[in-house]
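Top to bottom, those sequences are chains A and B. Take the position in the first sequence, starting the count at 1, then add 1490; the result is the number in this note's numbering. Take the position in the second sequence, starting the count at 1, then add 1490; the result is the number in this note's numbering.
Check the hints yourself; a few may be wrong.
Unchecked claim - If we take Cβ atoms under 10 Å as the criterion, some of the chain B residues that face chain A in the derived model are:
no.	residue
1	Gly1569
2	Ala1589
3	Pro1593
4	Ala1624
5	Gly1625
6	Leu1627
7	Val1647
8	Gly1661
9	Gly1662
10	Ser1671
11	Val1723
12	Pro1767
13	Ser1769
14	Val1786
What the hints assert, rightly or not - Below 25 Å or equal to it, Euclidean Cα-Cα: the simulated SDA-like pairs (lysine to any residue) are:
no.	chain 1	residue 1	chain 2	residue 2
15	A	Lys1711	B	His1787
16	A	Lys1711	B	Glu1686
17	A	Lys1711	A	Pro1698
18	B	Lys1802	A	Gly1719
19	B	Lys1682	B	Glu1548
20	A	Lys1711	B	Gly1784
21	A	Lys1802	A	His1538
22	B	Lys1802	A	Gly1643
23	A	Lys1711	B	Lys1802
24	B	Lys1802	B	Leu1824
By construction, these hints were calculated from the structure, which means they are not laboratory data. Every residue gets a Cβ at the ideal spot worked out from N, C-alpha and C, and that includes glycine.
Here is what each chain is made of, one letter per residue.
There are 2 protein chains.
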Amino acid sequence: MSDTRILSLDEIEELSFRALVAAGTSEANARPLARATAATEADGIASHGLAYIPIYCEHVQCGKVDGTASPLLSRPKPGVIAVDAATGFAHPAIDLGFASLVPAARAQGVAVLAIRNSYNCGVLGYHTRRLAEAGLLGLGFTNAPASIAPSGGATPVVGTNPFSIAAPGPGGEAAILIDQSASTIAKSEVMKHAREGRPIPEGWALAPDGSPTTDPEVGLKGSMAPSGGYKGVGVALMVEIMAAALTGASLGINASPFSGTLGGPPRTGQCFIAIDPASTAAGAFDAAIAELAGAVHAQGGARLPGDGRRAKRAAAGRAGVAVSEATLARIEALL
Amino acid sequence: MSDTRILSLDEIEELSFRALVAAGTSEANARPLARATAATEADGIASHGLAYIPIYCEHVQCGKVDGTASPLLSRPKPGVIAVDAATGFAHPAIDLGFASLVPAARAQGVAVLAIRNSYNCGVLGYHTRRLAEAGLLGLGFTNAPASIAPSGGATPVVGTNPFSIAAPGPGGEAAILIDQSASTIAKSEVMKHAREGRPIPEGWALAPDGSPTTDPEVGLKGSMAPSGGYKGVGVALMVEIMAAALTGASLGINASPFSGTLGGPPRTGQCFIAIDPASTAAGAFDAAIAELAGAVHAQGGARLPGDGRRAKRAAAGRAGVAVSEATLARIEALL
């Protein structure tokens, strides 16, 4: 495409950092978010990369995020790290927590990081992958404003709430990386169809009375369809329990929107569990992961979750990423 | 129905116990399995209650399960309990592990139980519910012989692999109990249709080449359809990593069948994570769970996972359970 420009990962990180700081984010808080933005572009997830920088900047300026917040860590038990994100960005709170979570998991065999008063953490698998790169199995949960209705109901009670699991490989990489939301499709896709005035396929969203709809505007007033029906609701509830109830964060029914400028801080949460597989599997973990991955890759055309991101990441490290000129223009206007 | 008989929960437990012991199970191993069988009938899950007792007895007699095994516990780290089920029943291995898991989770804030060389653990939510009744948040994972194919492939690599989460309520009960498999429908339903010569709905199972089928025999030679497509595969992979790779148990691709007498012990695994919510949520957990449950129950007709089992359990405690006379005849013939 002619309306893109190739940027290196370092250039993406620096551009993100400068824009965030220009909007009033402290350097200490801007750095981890800028780093995650570059990694997300490297993974090929443009919807959550640079395109989010103008939104983050707007949220600092309207007070939905405190750009100068200092997250506060406590250690209530040997295996528990609790971080109050203090209505700042999730990324510095996660960084602060991981610095204690990783050694705690190595010492105890397992440790939990519970983050409250937080914000949208971007791509959840970016964070669990870092645990795998530290040689730990990482489980992650993050909640969002309510958009999925319970079975038998029509009013949203839980968000599209993703979970993620990253399994470490022997070479310091994530051998398997699962990162999936509880809805059939991302809410941003329904919003995109609404902006473009196009109908949505049946099965993406439901009308306010719970009936199927192909009108994206009606779907946005109703609820997102859970993946696999009641089992998608179950996944969203699991994540809500882990990321909000277990951390002391806001439930999705009480959280302000992640989009727009209204409502103040969402105060949602994240929960991560890190486990040392060397302590649980009696030396058998690496071989099992390799055999499982091998059984998938032996089938022509079959793939594991995370394969696509890994291939894109390797290419982006060598050749950079093609970024939309329109997105770059919006960010450069903020500097 | 005239072909049922009302039994009290104690009668169900004793009948199960006597049949298991008559088949060669030690009393120490028969008791937890008999107790779980009564609880499963109380929950209204007849498919996994007394109907399984003749199968368990046959598996002791053919050597698929060692009825006199002694599970072996080790404590490699303060937060990790590992149990080798020694190809015995899963239930005594879980009991042995929980006796250490519960105090470890209270002391550390979080602990993991990894069980290998194990067997079908019956209803997974029976076990996580016990953690919730001890005031802990319980997460559970158990793997099964491979029956679901990866995205883009047609050969099974993971089982119908359920996960479960049980959130404790303030009164010592499980306020929310999620227990769901990764497939659209239980494999036993496809087997039942095959026995009865009835077609299955499209979307339940796939032919060996990965195409849709309504023939249950073809589906049983092919694979089970994952719930929600690739997201169901993701759930099954998460469970496989937790229950098999992380514990040192057999992967589903190497496990012998749970049904029939061939192949020796399946050597599959279970993993449980117990977390003390008092240590992670700064006192906010009970109110959050109550508010989340309240938001569901405020909608007429809406329900939470676990509501149905709880209602049936209350009724069964008062009035007993109607059990199939045919099932009772099969069990009484074993005494």
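List, from low to high, the hint numbers that the structure doesn't satisfy. 2, 3, 4, 5, 8, 9, 16, 23 and 24
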